[in-house]
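**Student:** Now for the letters of each chain:
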Amino acid sequence: MAVGPTVKKIRDAYQGKIKLVVKNFPYILRDYSHIAAEASLAARDQGKYWEMYELLLARSPKLDRASLISYAQLLGLDIKKFSESIDGKKHAPEIERDKKLAADLYVFSTPTFFINGRKFVGDRPFESFKKIIDEELKSVS
Amino acid sequence: MLKSLFALISCAFLFECAAIPAFAGTLVPLESVPVPPQNVQTPEKIELGKKLFFDRRLSGDGTMNCATCHDPERAFTDGLELSLSYPTTRNWRNSPTLINAAFQKQLFHDGRVRTLEEQALFPMMSAFEMNRNLDFVEEVIRSVPEYVDAFQKVFGGEVTRERMAMAIAAFERTLISLNAPIDKHLRGDRQALSEDAKKGLAIFRGKGRCADCHFGSLLSDDRFHALNVPENQEHRSDPRIAATRRFVAKVYHYEDFRNLTEDPGRYLITKDKKDWKAFRTPTLREVAKTAPYMHNGIFPTLDDVIEFFDKGGGKGNTVLKPLVLNDREKKYLKAFLSEALTGEDVVIRYPNVPDAR
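Quick mapping for you: the protein sequence lines, in order, are chains V and U. Quick note on numbering: the numbering used here labels position 5 of the first sequence as 5, and the sequence is numbered without any gaps. Quick note on numbering: the numbering used here labels position 55 of the second sequence as 1055, and the sequence is numbered without any gaps.
Don't read these hints as lab results, they were simulated from the structure. C-beta atoms are modelled at their ideal positions from N, C-alpha and C, and glycine is treated no differently. It is possible that part of the hints are untrue.
[Claimed, not checked] Partner residues are not named here, just some residues of chain V that face chain U (Cβ under 8 Å, in silico): (1) 4; (2) 108; (3) 117; (4) 119; (5) 124; (6) 126.
[Claimed, not checked] Derived DSS-like pairs: lysine-lysine, alpha-carbon spacing no greater than 30 Å straight-line: (7) V:130 to U:1334; (8) U:1207 to V:138; (9) U:1311 to U:1153.
[Said to hold, decoys possible] Not everything, but these chain U residues come out facing chain V in the computed CB check (under 7 Å): (10) 1046; (11) 1087; (12) 1121.
The following block holds chain U by itself, in its conformation from the complex (with noise of 0.2 Å):
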C-alpha cells in the first residue's frame, strides 16, 4: 500500500513541474514591507502622512486630495477607466491601486518613479491631477499651525515637499493587505484555495503562461511589455485627453508631442524604441477589487482581460501568442484570479484633517 502511495504522489509531483514551464516566475507570499533607512516608520509620521493623504489644501482649487483618485472605499483606486482629474480637465490613464504598492520597484504605469516618496510629490504638481504649485504647497501647509508642530515633531524641522512626501509615502506603506488565500496556499494550507482556484493556478503558471511576467511576491515582473492594449476610444473623443496626452508628451521632450494620437507609454520616459507602448506590468494582487484593468482601464472585466491575453495581445504586438484556452480553462483562470489574490481588507482610520471644516 505504502509503494502505492509513494508512486501516487510521485506521478502528481511530476505532472505538476511537466505542466509549469522552465520560464515561469515562482509565487512567493508577501513578507514584511521594505522601508527605506532613510524615512522610517513611525506612528506620528504616518498620522501625519493620513492627514495629507486626505487634506484638500494639497490641490490648487482645494476640491481634491490623493484619495479623491486613491479612494479607501475602492481598494484605494477610483473605479473609473481614466482616473479622476483636476476640475475642466481629464486624465488620460487608469488610476492603480496603492494596496501593496510599498513593494513595487517603479511606480506609476511608465514607471517613472521607483520610490514612493517620489512618486507622491508628482499628481500634487500634475496639472491634470491634483495642479498644485509646490512651492505654493509648502507655504499653505506651513500656514496651519497643527501640521507646523507635527512636522517638527516628526521631522525635527519645517515643512518642506520632501517631508510632505515623506510622511504620505510611510502612510502608503502601511496599506498592506495580508492572508490572501494564494498566500496561505503557498504556505501550505492545502484547503486556502477552491478546486476550481487551484485548477486555475496550474493554468496561471502553465498553459496561460501568466506566470511569465506576473511572479514573485506582487505578481509582477516589475518590467514594461508593449502588449498593444487598444487604446481607449475617450482619448479619440474628449478632446481634453488628447490636451492631456500632447501636454505630458511635451514635458518628457517628444518632439513630435502636436500629433500624438496614442500613448506611447514608457517610450516618453527612456526613447527607447522597445519602450514604445511598453506599459509596468501591474500587480494582480487585489485584482478582484481594481477594475476596470489595463493602463487605460480599457477592459470592464477580467473575463475581458482573459479574452485578450488569450488571443493572443493586441493587433501586432510581439509578445503574447494566442493561448487557446477553452470554456473551461477560462472558468478556472477566473476564479483563481477572482479568489485568491484579495487579502485581508486594508482597514484605515480616517483622520482628523486639521481645519478642515
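Chain V with its partners taken away, still in its complex shape (with noise of 0.2 Å):
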C-alpha cells in the first residue's frame, strides 16, 4: 500500500518503456489479503484490473467484502459476476501459483521487486528504482 504513488510515478515517469506484472503474495495474517488478491482479478476479467488495483491501494485496509464489493460498484462491474467470482474464489489457483513463484524465489517481505531479474526488496524512494531502471534501459538499449 505505501509504495503504491511511487509505482504510479515510475508507470509515468516510464510510460512505454518498461512494463509493470503484478504477482499477488497475500500474506495469510491479513484478514483480507487473499480475497483483495481475487477481487483484483475478477475485475481483471471484466476490463478493469488496473482500476482496481489504483482503489485497493488507495482504499487500503478497508478490503472487506462489502468494501470490495462497493469498489466493484464503483467501477460500474457487473457486480453478480464479481461477487461469485470472488466469494467461490475463482482465481485461487493463479494465486497459489503466485505464492509457489514467490516461495521459489525466497520472496518474504512485501513489497518485492524484480527489475529485470535484479530483486529489490521494500517500500524505497522513486531515486533509488530509477537509478536501477536507467540502468537497465540502458543496458538493453
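Dock chain one against chain two, each of which comes alone in its own frame, and use the hints as you go.
**Tutor:** In C-alpha cells:
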C-alpha cells in the first residue's frame, strides 16, 4: 500500500518503456489479503484490473467483502459475476501459483520488486528505482 | 651475494617500518567468532533464529522482517542511503551490514548496545522500523505451534522476547566472511593482494592514516568520532525523517528535541558534549559490497569516501587533517579497499518460515 504512489510515479515516468507485472503475495495474517487478490483478478475478468488495483491501494485497509463490492460498483462492474468470482475463489489456483513463485524466489516481504531479474525489497524512494530502471534501460538499448 | 640479499631485505623492512606511524593500529586476520556462554550456538537455535529473521510476523503490519533491511542478497544491508522503514515512515540512518557483526563490541551507529541479543529487539519495537509491540509479538509467536515446539526444544521453555533475541543472535553469529585477501596476506600469502592493493595497504597504514581508527580484525576501533560528515539532504526535504529524528531525540530525553535539525549521533546516548555528531567507526570488511557509506549513506562510492578523508573530513571537525593524497595514491587506496576486504560469500539456505504463505 505504502509503495502505491511510488509505483504510479514509476509508471508515469516510464510510460511505454517498462512493463509492470503484478504478482499476488497475500499474507496469511492479513485478513483480507486473499479476497483483495481475488477482487483484483475478478475485475481483470471484466477489463478493469488497473482501475481496481488503484482503488485497492488507495482504500486499503478497507478490503472486506462489502467494501470490495462497493469498489466494483464504483467501477461499473457486473456485480453478480464479480461476487460469484470472489465468493467462489475463482482465481485461487492463479494466486496459489503466484505464492509458490514467491516461495521459489525466496520472497519474504511485500513489496518485493524484480527489475529485469534484479531483486529489490521494500518500499524504496522513487530515486532508488529510477537509478536501477535507467541502468536496465541503458543496458537493453 | 648473500650479504647483498640480506641488505636488500633489511632496507625493504626498514622502509616498511618507516612508513607506518607509531599510532596506527595493527591489522589482524579474522579468527573464531566470540560466543557468549549464556547463548551457546546449536544448529536448532540457529535454525530457529533464521526463521524468525525472515518472519514478517515480527512487524506490525506483516510487511517486514529483519531481512527487509538486512537483505542476504545485499551483503545484509539494503543498499539505500537511509534504511528502509515501516510503511508511511522514513528511517534516518543507513543500514549497516550484519556480516561479521558478531565481532563488534558495540552495535548501531551510536553504539547504544553491546551484544547482538540486545540489538535484535530494538528494530522490532522501533516505531519507524518494524513497529511491533514486544508484548504483542510474544503472543503472536506463541500462536504458532511450530514455534512453541521449537522454543521448547531449544530453550526448554516458552516463547519470550529474550529467547527470540537469543535465537536471532545465534543466527547472526553465523554470518561471517572468511578468508578475505587481507586475511591471507596477513597470514603470509604474498600473492593474496594485487600490487596496487599492496601499495594501497601501505597508504592505509601510513599516509592515509586509515589504520588510526580502522585496525584490528574488524578494521574498526569500536570507538566514536565526530568527523562532521555532511548531513543527508533528505533529512531536510522529507518531513517524515524530521519526525523520526525528533522522536528518537525525545525517547532519549534530549530536551530540545523539537528544534533538532541534525543527527547528534552518540550524544543522544551519553549526553557527553564530546560525542556530539560522533558515530561508531564502522568495520571496513565487505566495504566493497556495502555502499552507500557513512551513518547516513551520504557517499555513494569509495571514491567519495576517499575524497572526504583526503580533504580532512567535514567542516569544523577536530579529528582529521587533510591527507594530500595524489591521484595514484587514491587509486591504490581504493584498490586495497575494493579488493582486499571482501571475504568468501556468506551463503545461507533460506528457511521455511512457519505457515508463512
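**Student:** Verify the interface restraint on residue 108 of chain V: the C-beta must sit less than 8 Å from at least one C-beta of chain U.
**Tutor:** The hint holds - residue 108 of chain V has a Cβ within 8 Å of chain U, the shortest such distance being about 5 Å.
**Student:** With 8 Å as the cut and Cβ atoms as the points, is residue 124 of chain V at the interface with chain U?
**Tutor:** With a closest approach of 6 Å, the residue 124 of chain V hint holds.
**Student:** Quick check on the hint: residue 1046 of chain U CB to chain V CB, less than 7 Å?
**Tutor:** With a closest approach of 17 Å, the residue 1046 of chain U hint is violated.
**Student:** Hint validation: residue 1121 of chain U versus chain V, beta carbon distance must be below 7 Å. Holds or violated?
**Tutor:** violated (19 Å)
**Student:** Just to be careful, I want the Cα atoms of residue 1311 of chain U and residue 1153 of chain U compared with a cutoff of 30 Å; is the pair within it?
**Tutor:** violated (56 Å)
**Student:** Would you settle whether the hint for residue 117 of chain V is holds or violated, based on the nearest Cβ-Cβ distance to chain U being less than 8 Å?
**Tutor:** For residue 117 of chain V, the interface hint is violated, since the closest Cβ of chain U sits about 12 Å away, which is over 8 Å.
**Student:** Given residue 1087 of chain U as an interface hint, is its Cβ closer than 7 Å to any Cβ of chain V?
**Tutor:** holds (3 Å)
**Student:** Identify whether the interface hint at residue 126 of chain V stands, where standing means a beta carbon of chain U within less than 8 Å of its own.
**Tutor:** Check failed: Cβ of residue 126 of chain V comes no nearer than 12 Å to chain U, outside 8 Å.
**Student:** Residue 130 of chain V and residue 1334 of chain U: Cα distance at most 30 Å?
**Tutor:** Given pair residue 130 of chain V, residue 1334 of chain U holds - Cα atoms ~27 Å apart, limit 30 Å.
**Student:** With the threshold set at 30 Å, check whether the alpha-carbon distance from residue 1207 of chain U to residue 138 of chain V stays at or below it.
**Tutor:** violated (40 Å)
**Student:** Tell me if the interface restraint on residue 4 of chain V is satisfied: Cβ within less than 8 Å of some Cβ in chain U.
**Tutor:** Status violated, d = 10 Å.
**Student:** Let me know if the C-beta of residue 119 of chain V comes in closer than 8 Å to any C-beta of chain U, holds or violated.
**Tutor:** This hint holds: residue 119 of chain V lies near chain U, its Cβ roughly 6 Å from the closest one there, short of 8 Å.
Comparing the model with each numbered hint stated earlier shows that hints 1, 3, 6, 8, 9, 10, 12 do not hold.
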